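Starting from the given sequences, assemble the full structure and let the hints guide the process.
There are 2 protein chains.
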Amino acid sequence: MVCAVGWFAKPTHPNTANIVSSKYLREFLDEMQPDQIREHLRKFTRLPHLAGTEQNLKYAEQIMKEWQEFGLDSVEMVPYDVLLSYPNKSQPNYIAIVDQLGDEVFNTSLAEPVPEGYEDISNIVPPYSAFSAQGQPEGDLVYVNYGRTEDFFQLEREMGINVTGKIVIVRYGRIFRGNKVKNAILAGAKGIIMFSDPADYWAAGVQPYPDGWNLPGGGAQRGNVLNLNGAGDPLTPGYPAKEYSYRFSLEDGVGLPKIPVHPIGFHDAVHLLKKVRMNIHTNNQVTRIYNVIGRIRGALEPDRYVILGGHRDAWVFGGIDPMSGAAVVHETVRSAGRLLSKGWRPRRTIIFASWDAEEFGLLGSTEWAEDNAKLLQERAVAYINADSAIEGMYTLRVDCTPSLHTLVYDLTKQIASPEEGEEGVSLYESWHKRDNWTNDRDAPRISKLGSGSDFEAYFIRLGIAAGRARYTKNKKTERYSSYPVYHSVYETFEIVEKFYDPTFRRLQAVAQVRGGLIFLLADSQLLPLDANQYADSLRKYAQSIMQLAQRHPEEMETYEVSFDSLFSAVENFTVAARDFHVRLQTLNRVRVMNDQLMYLERAFIDPLGLPGRPFYRHVIFAPSSHNKYAGESFPGIYDALFDIENSADPEKAWEEVKRQISIAAFTIHAAAMTLIPPA
Amino acid sequence: MVCAVGWFAKPTHPNTANIVSSKYLREFLDEMQPDQIREHLRKFTRLPHLAGTEQNLKYAEQIMKEWQEFGLDSVEMVPYDVLLSYPNKSQPNYIAIVDQLGDEVFNTSLAEPVPEGYEDISNIVPPYSAFSAQGQPEGDLVYVNYGRTEDFFQLEREMGINVTGKIVIVRYGRIFRGNKVKNAILAGAKGIIMFSDPADYWAAGVQPYPDGWNLPGGGAQRGNVLNLNGAGDPLTPGYPAKEYSYRFSLEDGVGLPKIPVHPIGFHDAVHLLKKVRMNIHTNNQVTRIYNVIGRIRGALEPDRYVILGGHRDAWVFGGIDPMSGAAVVHETVRSAGRLLSKGWRPRRTIIFASWDAEEFGLLGSTEWAEDNAKLLQERAVAYINADSAIEGMYTLRVDCTPSLHTLVYDLTKQIASPEEGEEGVSLYESWHKRDNWTNDRDAPRISKLGSGSDFEAYFIRLGIAAGRARYTKNKKTERYSSYPVYHSVYETFEIVEKFYDPTFRRLQAVAQVRGGLIFLLADSQLLPLDANQYADSLRKYAQSIMQLAQRHPEEMETYEVSFDSLFSAVENFTVAARDFHVRLQTLNRVRVMNDQLMYLERAFIDPLGLPGRPFYRHVIFAPSSHNKYAGESFPGIYDALFDIENSADPEKAWEEVKRQISIAAFTIHAAAMTLIPPA
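One line per chain: the protein sequences are X and F, in this order.
Residues in the first sequence are numbered from 1 upward in steps of one, following UniProt numbering.
Residues in the second sequence are numbered from 1 upward in steps of one, following UniProt numbering.
Worth double-checking, as some hints may not be accurate.
No copy labels: a pair is met if it fits in one copy or bridges any two.
The calculated lysine-lysine pairs, modelled on BS3-like cross-linking and capped at a C-alpha distance of 25 Å, are [what the hints assert, rightly or not]: (1) K540 x K374; (2) K448 x K475; (3) K658 x K374.
Please keep in mind that the hints were generated in silico from the structure rather than gathered at the bench.
Computed from a predicted model, the values in this text were never measured in an experiment.
Take a look at the structure:
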């Protein structure tokens with residue numbers, strides 16, 4: 001019998017004091033260097049590396065080799081065979097204007113003008129909507145704004161326009177493109193065209209690339225148009241796509257649109273005002289993809305996992321999406337390797353992941369989550385996501401689960417602001433100054449997680465505490481969607497180097513945030529997760545969902561809808577969380593209490609899933625049913641409230657609201673129980 | 001920092017050596033005494049104590065008080081408000097033979113003849129089918145044997161008899177009565193009568209009660225006729241039935257039959273050969289029930305739970321079902337309390353449960369499992385069930401998960417045979433001699449868990465290692481179903497005392513098995529769970545399910561059905577299990593490896609559930625879809641194979657077989673991964 005690290009221990013500091021406890025943290029953060037990140041980004045953005053292509057496998061092999069050289073304990077390549085979708089090389093996709101004889105009098109462009117320096121590159125996939133149905137529908141074109149639920153409602157109810165049998169054209173932005181396609185299908189459209197409107201993809205006073213970072217008129221946004229709701233590979237929902245896996249037929253696949261879909265740039269969009277014909281020949285095919293998984297074995301708790309994962313596949317070069325993120329992960333691995341060589345070893349196991357096929361529906365990360373679900377649900381402490389590390393030049397942006405808020409604040413106080421003229425200013429201060437959470441507290445804004453990146457299966461399906469961090473724009477003044485060149489050929493190394501982060505200090509700061517989170521989650525004796533913050537957030541969410549219901553005061557009375565049980569559950573949780581953190585001060589069983597913290601997020605998982613969305617199982621957070629990018633709190637109640645507006649049977653609709661309130665109350669009560677002393 | 005019990009430790013013995021390691025085990029087993037068990041049984045069988053009645057609450061309060069006196073650390077009463085069903089006191093249920101004028105010319109009896117000594121007892125509920133629909137259907141009677149799927153098929157296909165609009169009469173036995181009712185509904189019957197046929201409820205050469213233990217002709221079997229498939233309270237499936245819980249309407253409740261159902265004895269049954277009228281006025285009502293939960297706090301791993309649970313509610317006195325089991329639990333608690341007073345404290349937490357409303361669909365145990373699911377899935381090591389402790393006078397019967405086999409064998413070698421003339425013979429030897437597992441190994445037979453008692457939610461929904469033990473009849477020579485007086489008024493204290501176990505040594509042996517299992521699971525440093533046994537069982541099940549498929553060799557070729565992936569997964573699992581147990585010999589991280597053992601059973605849970613049965617989630621074991629009492633291995637594959645016989649689209653049906661093979665193979669692969677070193 002050797003000595004008791006892990007089970008019994010009396011720490012000298014309270015929970016947050018963990019942060020200063022490691023003499024290696026500073027060294028780890030300081031090791032991450034702008035020049036190194038620049039190098040990594042340069043190296044992995046020379047060639048297009050779409051998921052399922054030779055070049056993306058080559059980059060995987062290179063990452064694997066370098067992670068091994070950096071000193072990880074193990075690195076492996078993990079393949080899956082998933083459904084991908086590519087344009088047909090011999091029959092290009094385009095939209096044509098047809099005259100009354102049916103002749104095509106104008107065709108949209110077949111490719112984007114290639115940026116300078118990349119003229120000789122082959123294998124640039126033209127703009128397309130991955131997983132579009134094939135077909136050549138022809139018909140009148142109807143403009144439906146952003147293609148949101150409310151846009152279709154307005155068209156039908158207020159303007160009396162029925163789009164059944166029509167082709168709709170919508171502008172990109174505001175919501176996930178897959179939701180636009182779903183709405184168009186529900187409305188009866190036989191095709192959908194999406195375009196990048198300068199109103200949404202043009203920053204004022206900025207030149208188009210290469211003279212600035214705006215989207216040229218010939219540029220267009222690629223992207224998948226699935227409605228997977230967390231299923232991963234459309235043919236193997238719930239299970240990993242391996243050799244022995246049963247695959248559904250394409251007709252039974254999850255989330256595949258039944259109509260042709262195509263994206264165009266605004267130079268083409270201005271022409272399309274009449275009758276058009278879509279010519280779409282995109283093919284679905286089962287294709288091998290590769291995740292790279294690297295590990296550092298935990299010294300004391302090898303069966304507790306902290307994961308840093310981000311994707312590698314890109315629509316073209318991936319200068320921003322995702323390689324600005326992948327370069328940051330690479331640098332984090334390098335820095336961790338350096339520490340290992342100096343004798344450091346984290347308390348818990350760290351897993352680094354380079355995911356494949358994120359752009360095709362978060363496939364690599366979801367298949368790996370499905371493959372390892374049983375291990376992850378017992379052992380995973382946290383998942384930090386590493387997609388694009390920069391989408392603007394203003395300040396830090398963090399989306400994470402409430403239990404990570406305190407850690408994010410504490411950590412960013414130890415990282416320097418990357419902004420010029422802010423020497424000696426912490427990232428926290430710089431961020432706080434630029435994006436104060438003015439509505440209810442004096443602290444930098446942290447948002448809810450939605451979806452649209454690889455954390456989804458970990459957080460929303462499995463209930464693992466999760467977060468993401470990147471550099472962003474000024475939301476108040478910059479109103480364009482994402483960043484202008486998003487998913488176009490103009491996402492190059494040069495756009496980052498010339499415009500977004502010439503010193504690479506912003507990417508360094510993001511590396512330090514992502515890496516620092518991983519470091520502290522893996523190496524602190526007490527897990528730096530904060531149940532009190534969860535309690536605060538639950539109260540806020542409960543108030544706001546109740547306010548939504550209270551827009552219908554008469555119905556609430558008629559149908560006896562009460563939120564009392566929800567607030568009582570939140571109150572229970574608040575007391576349990578407070579008591580838990582008081583006990584943490586005097587704890588003598590580290591592992592027991594760390595397990596309580598680790599499993600707190602899991603406690604919000606309902607194995608029955610949300611209505612109609614079996615892979616979205618988090619009762620507190622889910623992607624909005626109307627916009628996958630946005631996170632909804634109390635999604636079950638929210639959707640039930642949304643439906644009462646459109647229900648033919650209001651009594652039944654309100655019954656569903658009541659049922660969802662009850663499920664939320666039960667789940668929070670149950671989560672509170674996980675925080676009380678276990679026996 | 002104190003010393004390292006739990007996390008790091010080097011044991012001197014291999015895994016099974018745990019068993020002899022506790023100096024307290026012998027003392028614990030020896031403390032359990034026949035006279036004490038007789039006392040407990042006497043005490044709790046004086047009055048009828050149906051779920052939801054005053055008397056059953058009184059017994060709950062008495063148990064709570066006595067468990068406190070025995071010395072448990074805490075005992076609490078946990079109420080739920082669930083749907084129960086009672087006969088209408090002012091309008092009795094009965095079946096009438098009607099003549100051509102519609103007059104009732106014969107009525108079945110309204111109650112069983114009350115046994116001697118109990119004449120003054122009120123509140124004996126007459127025989128009825130709990131949750132029957134109300135109604136007075138009238139029609140021709142059709143006899144459908146046991147009412148099994150194959151009985152209805154034979155009637156329809158071979159004999160050309162259609163039961164649509166008819167009242168069917170079936171004999172009790174072979175399958176769970178709820179399955180008979182479901183089959184009758186599917187066949188279109190408008191009512192169903194069930195009777196106890198002497199062929200199934202009469203032991204040769206035995207007198208009817210009170211002169212022997214056979215069922216008198218006026219006796220009848222009560223019982224619920226739900227098809228819950230693990231849902232618990234029909235109105236709150238998936239969630240505990242608390243004040244704030246949303247309740248479905250009766251129409252939307254789970255598993256409630258839509259036709260009247262009634263049980264009769266064989267004295268009445270012989271009359272019913274013509275046209276009958278059923279008069280059923282049974283009411284469903286939400287009623288408060290009470291579980292009693294007692295705890296002994298674990299000294300070293302308070303967050304690891306070992307559970308001994310059994311029900312308390314009875315149809316009438318419950319002399320056998322369940323109080324023979326409850327008396328055994330009571331004695332186990334008393335013995336554990338004695339040990340506590342001598343300074344013993346188990347390593348892990350022990351939870352004792354007296355469940356309510358088992359007879360109404362495992363309601364008390366399932367609601368508590370739903371209430372505590374989040375804690376149980378992270379913390380529960382094992383669940384041992386304690387329903388009726390005796391159903392025959394021949395030998396031991398054990399049904400359990402494969403990982404418990406070794407422990408059961410090791411433990412029963414340390415318990416004395418209760419049989420006369422077997423002084424110095426172990427229970428193991430006595431059992432082995434009487435029920436050798438001759439088909440594939442030389443050891444006493446252990447069976448699969450089916451359902452029909454309170455382990456269901458713990459094992460089949462949550463994936464907690466589970467088992468049950470009782471004294472049973474000689475299956476080879478005694479062909480009657482369960483035991484003759486099952487669920488009748490004749491289940492008294494006296495039937496146990498006079499016939500089943502006059503010395504109470506059989507019940508003592510069962511107490512020692514159930515108690516010993518709990519003791520060793522809670523107190524062994526290394527969990528006494530055996531992954532190798534699971535591997536052996538998986539191979540056996542895989543072979544037998546493949547043989548079932550191979551009855552269709554041509555279709556298997558046509559539809560390319562292969563079991564290779566399943567056998568490859570079993571092989572993987574076998575290697576992982578073997579390596580795991582080799583590593584156990586030299587382990588230095590007890591908690592890490594114990595967690596691997598604890599979570600092994602959990603690894604067989606598929607969160608998506610079995611097709612159409614969301615609360616049956618165990619991929620290896622589930623109650624048969626055709627008989628809830630029986631356990632099916634590879635239930636998903638089994639049901640898919642069953643369906644091909646009746647499918648209009650064989651290709652689709654075989655696709656489902658292939659899908660289920662793939663799910664089973666994936667699950668076993670994934671379970672194997674849980675056994676390899678965690679990092």
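Here's how the hints hold up against the structure:
Only between protomers do K540 and K374 lie at most 25 Å apart by alpha-carbon distance; the minimum there is 24 Å, versus 32 Å within a single protomer. In this assembly of identical chains, the alpha carbons of K448 and K475 lie at most 25 Å apart only when taken from the same copy (16 Å versus 61 Å across copies). For a Cα distance limit of 25 Å, the shortest separation of K658 from K374 across copies, 23 Å, qualifies, whereas the shortest one inside one copy, 33 Å, does not.
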